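Put together the whole structure using the sequences plus the hints.
Heads up: the sequence shown is residues 1 to 69, going by the working numbering.
Derived from the structure by calculation, the hints contain no laboratory data.
One or more of the hints may lead you astray.
[Unchecked claim] FRET-style restraints, in silico, Cβ to Cβ:
#1 Ser25 / Pro4: 28 to 34 Å
#2 Leu3 / Arg27: 27 to 33 Å
#3 Ser25 / Gly5: 29 to 35 Å
#4 Pro4 / Gly31: 33 to 39 Å
#5 Thr7 / Thr30: 29 to 35 Å
#6 Thr17 / Phe64: 16 to 22 Å
#7 Gln8 / Ser40: 21 to 27 Å
These numbers were taken from a predicted model, which means no experiment stands behind them.
Where is the CB? At the ideal position from N, CA and C, for every residue including glycine.
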Amino acid sequence: MSLPGHTQRLLVLLFGTFRVIASNSERADTGMTSEALGVSVAPSFFQSCVSDGKTARMKDVLRFKQLIS
Numbered sequence: 001m002s003l004p005g006h007t008q009r010l011l012v013l014l015f016g017t018f019r020v021i022a023s024n025s026e027r028a029d030t031g032m033t034s035e036a037l038g039v040s041v042a043p044s045f046f047q048s049c050v051s052d053g054k055t056a057r058m059k060d061v062l063r064f065k066q067l068i069s
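In structure tokens, the structure reads:
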């Protein structure tokens, strides 16, 4: 199954942006790790990660990573 072209380009842009943020934060030692980035964007992109208006926590991200592995 293939996603529409515009959806594929949007996903490439989003994940590319996240990768650049994570790699630059490692070089600049800002503390914005890939896990921290995941926690900050999880509520926006993955509504199933959180429920009842709660914010995503690290354990939510780890649970999501386990489910997709």
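Could you tell me which of the numbered hints above are not met by this structure, giving the numbers in increasing order? Going through the list in order, the structure violates no hint and respects every one.
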